[in-house]
Amino acid sequence: MNTTTGRCLACLAAFGALASAAAQGPTISAAWVRATPPGASTAAAYFTITNSAAADRLIGAESPAARELQLHAQVDENGLRHMRQLADIPLPAGATVRLTAGGLHVMLMDIAAPLKPGDHVAMTLHFANAADIELHVPVQDGRAMTEHH
Amino acid sequence: MSAALQSRPWLFVVAALAAMVVGLITASYLRPALPVAPPAIGGYVLPQPRDLPRVELVDGDGNRFTPADFVGHWSFLYFGYTYCPDVCPLALIELASVKTLLATEATGGSAQYYLVSVDPARDTPERLREYVAYFDASFHALTGSQDELRRLAETTGSAFFIPEGQSTDHYLVSHSSNLVVLDPAGRLFAVITPPHEPSGIVADFAKIVAYRTTQP
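Those protein sequence lines, which keep their order, are chains A and B. All letters in the first sequence, in the order written, are residues 0 to 148 by numbering that gives the first Met the number 0. All letters in the second sequence, in the order written, are residues 0 to 215 by numbering that gives the first Met the number 0.
Hints are computed from structural coordinates only; laboratory data are not their basis. Be careful, since some hints might not be right.
Sample of chain B residues at the chain A side, in silico, Cβ under 7 Å [claimed, not checked]: (1) Val54; (2) Thr81; (3) Asp85; (4) Thr106; (5) Tyr130; (6) Tyr170.
All values derive from a computational prediction rather than experimental measurement. Heads up, the beta-carbon is just placed ideally off N, CA and C, and yes, glycines get one too.
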């Protein structure tokens, strides 16, 4: 490779990075689904949403692996712990929102089959403004992880 | 006053001091021990341990289980259900860590761990047994009628209810996330409230066990 071509490629790469950053809506990282214990018909998915664009909202999710996906928060009220279904999860501009064990999560209701470590769950996230995001979420064994509320 | 005391008045002081010392030592033996206050934990220790109601439950093998079966070892009870995808697995993972941490301890090593279902309509004994065994092979599952479970929950500082307006098949149950601690007499002894960390539970349990040794 001569130097001119090298410079051009670097140039293109830089331009590409800038272009994608400008167009970028929410991005997803650290996604995982909890492997299901025997007998369980539900599962929970967790991920981190980084929203480098204008304010948006996560408004829903779908997966062929479950009958229905719901956005949930874990709330403590009068000494009782409720899972509360949310209509949406707000994503303020520039914010990072974490869905973590014992907090916000996506609940998979009526899973089609048990979810085993090593499996992947296809999932589509819907946003109020941004385009859908397709995910291939790895199933992980929660017992082997260090989790915190 | 004797001649000896008249000529040596300091003897009187010595005698008085000696009497005082003897009196204090005697008193310290005779005085009943001051009651030891329950230790501060992440939750509370009952000032008076409470007997459980005479409920009839069913264990994971489908056998009859009564509070008498809690006698002989410390017990940890968590009220949850298998349909719960987030906090219940998390709580049982934490309990499995607690069990590992306590395994080598004289008292804690024999402690038993129970998931008490708050969803008897869907959680059959068999389903519960498989579910708890996933977290630890020695974990126990308990269920029973709605009424029996409610009586047990209410006596142990726990609660659960099914919020209205949900479908009959796909409903969520609201429940307290307390960890109930029963003493080897099978009485409610302490309640550990969330947030739960295995190391915190182990530290609290050590205080609870130490406190019980001071109780009659």
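task: List in ascending order the numbers of the hints, as given earlier, that are violated by the structure.
output: Going through the list in order, the structure violates hints 1, 4, 6 and respects the others.
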